[in-house]
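The listed protein sequences derive, respectively, from chains A, B and C. Position 204 (the first sequence) corresponds to 204 in the numbering used here; numbering is contiguous. Position 170 (the second sequence) corresponds to 170 in the numbering used here; numbering is contiguous. Position 92 (the third sequence) corresponds to 92 in the numbering used here; numbering is contiguous.
Derived by calculation from the structure, the hints in this document are not laboratory data. Think of the CB as a built atom: it goes at the ideal place given N, C-alpha and C, for glycine as much as any other residue. Be aware that a few hints might be false.
[As the list claims (entries may be wrong)] If you anchor each label on the Cβ, the simulated ranges turn out as follows:
(1) C:11 - A:7: 25 to 35 Å
(2) C:15 - B:173: 17 to 27 Å
(3) A:216 - C:4: 32 to 42 Å
(4) A:18 - C:76: 32 to 42 Å
(5) B:238 - A:255: 20 to 30 Å
(6) A:258 - C:191: 12 to 22 Å
(7) C:238 - A:216: 19 to 29 Å
(8) A:91 - C:7: 45 to 55 Å
Spelled out from the first residue to the last, the chains are:
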Amino acid sequence: MKTTIELGRMREDIAAIRSANPLVHNITNYVVMNNSANALLAIGASPVMAHWAEEMEDMVQIAGALVINIGTLDSHWLEGMRRAGKAAQRRGVPIVLDPVGAGATPQRTAAVLELIECCHPTIIRGNGSEIMALVDADVKSKGVDSSRSSSDALEAAKSLARTSGAVVVISGATDYATDGERVEVVEGGHPIMTSVTGMGCTATAIVGAFAAVNSDALVAATEAMAAMSWAGERAAAVAKGNGSMQVAFLDELCALTPEKL
Amino acid sequence: MKTTIELGRMREDIAAIRSANPLVHNITNYVVMNNSANALLAIGASPVMAHWAEEMEDMVQIAGALVINIGTLDSHWLEGMRRAGKAAQRRGVPIVLDPVGAGATPQRTAAVLELIECCHPTIIRGNGSEIMALVDADVKSKGVDSSRSSSDALEAAKSLARTSGAVVVISGATDYATDGERVEVVEGGHPIMTSVTGMGCTATAIVGAFAAVNSDALVAATEAMAAMSWAGERAAAVAKGNGSMQVAFLDELCALTPEKL
Amino acid sequence: MKTTIELGRMREDIAAIRSANPLVHNITNYVVMNNSANALLAIGASPVMAHWAEEMEDMVQIAGALVINIGTLDSHWLEGMRRAGKAAQRRGVPIVLDPVGAGATPQRTAAVLELIECCHPTIIRGNGSEIMALVDADVKSKGVDSSRSSSDALEAAKSLARTSGAVVVISGATDYATDGERVEVVEGGHPIMTSVTGMGCTATAIVGAFAAVNSDALVAATEAMAAMSWAGERAAAVAKGNGSMQVAFLDELCALTPEKL
Chain A
1 MKTTIELGRM REDIAAIRSA NPLVHNITNY VVMNNSANAL LAIGASPVMA
51 HWAEEMEDMV QIAGALVINI GTLDSHWLEG MRRAGKAAQR RGVPIVLDPV
101 GAGATPQRTA AVLELIECCH PTIIRGNGSE IMALVDADVK SKGVDSSRSS
151 SDALEAAKSL ARTSGAVVVI SGATDYATDG ERVEVVEGGH PIMTSVTGMG
201 CTATAIVGAF AAVNSDALVA ATEAMAAMSW AGERAAAVAK GNGSMQVAFL
251 DELCALTPEK L
Chain B
1 MKTTIELGRM REDIAAIRSA NPLVHNITNY VVMNNSANAL LAIGASPVMA
51 HWAEEMEDMV QIAGALVINI GTLDSHWLEG MRRAGKAAQR RGVPIVLDPV
101 GAGATPQRTA AVLELIECCH PTIIRGNGSE IMALVDADVK SKGVDSSRSS
151 SDALEAAKSL ARTSGAVVVI SGATDYATDG ERVEVVEGGH PIMTSVTGMG
201 CTATAIVGAF AAVNSDALVA ATEAMAAMSW AGERAAAVAK GNGSMQVAFL
251 DELCALTPEK L
Chain C
1 MKTTIELGRM REDIAAIRSA NPLVHNITNY VVMNNSANAL LAIGASPVMA
51 HWAEEMEDMV QIAGALVINI GTLDSHWLEG MRRAGKAAQR RGVPIVLDPV
101 GAGATPQRTA AVLELIECCH PTIIRGNGSE IMALVDADVK SKGVDSSRSS
151 SDALEAAKSL ARTSGAVVVI SGATDYATDG ERVEVVEGGH PIMTSVTGMG
201 CTATAIVGAF AAVNSDALVA ATEAMAAMSW AGERAAAVAK GNGSMQVAFL
251 DELCALTPEK L
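Taking the hints into account, I'd like the entire structure generated from these sequences.
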């Protein structure tokens, strides 16, 4: 794994997550809930998965970060996301938004744009197609997989960062994070990561953990992508397919300590 | 694994899935979403899990196959299933229906019969009890596990195929697929597959991948069951329990190439 | 693993689960559904995950136990829980309640108290904070993780057992089960179990399996915790992180036979 950010600060932030165990509140999709919760536990955070509109205000109150992921969206969950997002914004809890499948259907793209408008996320993380679809309505996604490389999407990411005020992360063979001006880069990981469902959603959850301990959103987001890349390339070395990759990835994330990095 | 269908055609279809990466749209149950998505990725397809009624028309439009599975059904999801099914039928997208727990409660049986009536599925895959319950209201299922062997259900499967117009697949120690006249057979797999939750639901998802590349529904469905059986018996050889079986099964499905078959 | 209960009776109950395969009906959270189902299959039970209010009466009718877990609660699911709970109570089907996150938000605490009032659960299993929050409204949970040790919560557990009429189980480094007078104890397991999401929820599901074959709720609940502890410490011996722990735990539960115990 290679990155443009300082590893010294990243070591401090890993130590901070492992000692403070920040609560990361996830309103995420059904497919990845188990893996995202385990990934957060592996890095040292305390995950909670909760979407009931009535309790959003109270749950956000005890959270170090809020992660909103629209993977298996419907109207009912959208209401919980809005309430949680507004509460987080009011309280200064960092919000990480994952626009899963933006561009695949117009309903998804519209829902994401509405969430950006209403909740002002701190960080938005998506793949190339998703980020481009949020900037250019003519870009289509094929379901939840990206049809665009992360470098193709970099200009769209900068533009989205400037208009939304969020740090935007595009994941891919190379990961980019930008606040509209600066661009941080992470290289590494392994192609088999794209064969494990929800690896991107897991990245978004891990961004939440780093955002809970580091208020510099650009750095926090890049650190999370670097952690994913570090664990992913080590796990790929022992994986025999996507089943063992999913398991080994969690084991490697457990092994990620300031000393080992 | 032994089967009555030609392996030459199956090799071509595996190659087609691995090169075209067809989008398989799943409206499936919460229990198996992660595994079904990973199984589809393992065989080379591109899974999307989406149930929001408002986006069904648009999601089906980009799909190579639609998989409907009623494992954790409620009224809210049933509406999404109806909308997606009707859209798929209009557009000629193959529909694969999994009647999980038909016969366990009258509500489930009725919901499946209504979905068959309204959406005309291309393929229906269930276990012995589920298929029998759809033909004979007096047959009861014990939850989602089968109390009948697949061979006991073969006559019911033929009858259901004739009345519904769908290819009907019964999975069990021996798998059968029938269009009401012809019967194709797959033997193999391993009993430990019944100890892994959602192995049948995963089979249904894999049927979707083959149906997306082969318009002969009888052959596509049988190929999918053969792929399950092939991966299952190889995984069982290394599994120590249902935990490692679930992982090894995905790894073996990743290894299934035209050359290896 | 060390416990105050007789291993002879526990061996009989394991044999009874493995021969009768009782249906355990779960209304549980999205995060753990796959693992809970696999854990029930591993111990020999037949899991069904179903929450549709309309079918609750019919599903409970064929169940050996009902497990209600509020991990990812919302109003819609609460209605299914109420209906299933009332039906189970009428029919004498044992009810196991898991008050996930009680104390984290007032809505959760209130929902649990209402479920206790309306359905009279046979057994309640939670961690230290959750049990304390049900007795003392001033105790707060940090999300779904416990901030209190199990021994700190023992007096609250006794009090809750007396007022609710349920056997109350507190899981932690040491597990306690009490009917308000007697206290049974299980020691063992491994700290890495707290790094696997939903290990507590899995325990609750396994309590359901034992409650289905043993009408002495205090003994059944303790046996389930002993089974968790037995499998957990064996799995921890081979686990490299929470990924392989989750897999090895299921494998070890598969290996739990009357002879091996």
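For the pair residue 11 of chain C and residue 7 of chain A, does the Cβ-Cβ distance stay inside 25 to 35 Å? violated, 54 Å
Please check whether residue 15 of chain C and residue 173 of chain B have a Cβ separation lying inside 17 to 27 Å. holds, 25 Å
Outcome for the supplied range 32 to 42 Å, where the beta carbon pair is residue 216 of chain A and residue 4 of chain C: violated, 53 Å
For the pair residue 238 of chain C and residue 216 of chain A, does the Cβ-Cβ distance stay inside 19 to 29 Å? Violated: the Cβ-Cβ distance is about 40 Å, outside 19 to 29 Å.
Outcome of range test on Cβ distance (residue 91 of chain A, residue 7 of chain C; 45 to 55 Å): holds, 51 Å
CB-CB spacing for residue 191 of chain C and residue 258 of chain A relative to the 12 to 22 Å hint: Distance hint for residue 258 of chain A, residue 191 of chain C holds at roughly 20 Å.
Distance restraint hint 32 to 42 Å, applied to the beta-carbon atoms of residue 18 of chain A and residue 76 of chain C: holds, 37 Å
Does the hinted range 20 to 30 Å hold for residue 238 of chain B and residue 255 of chain A at CB? The hint (20 to 30 Å, Cβ to Cβ) holds, given that residue 238 of chain B and residue 255 of chain A are roughly 24 Å apart.
The structure shown violates the earlier hints numbered 1, 3 and 7.
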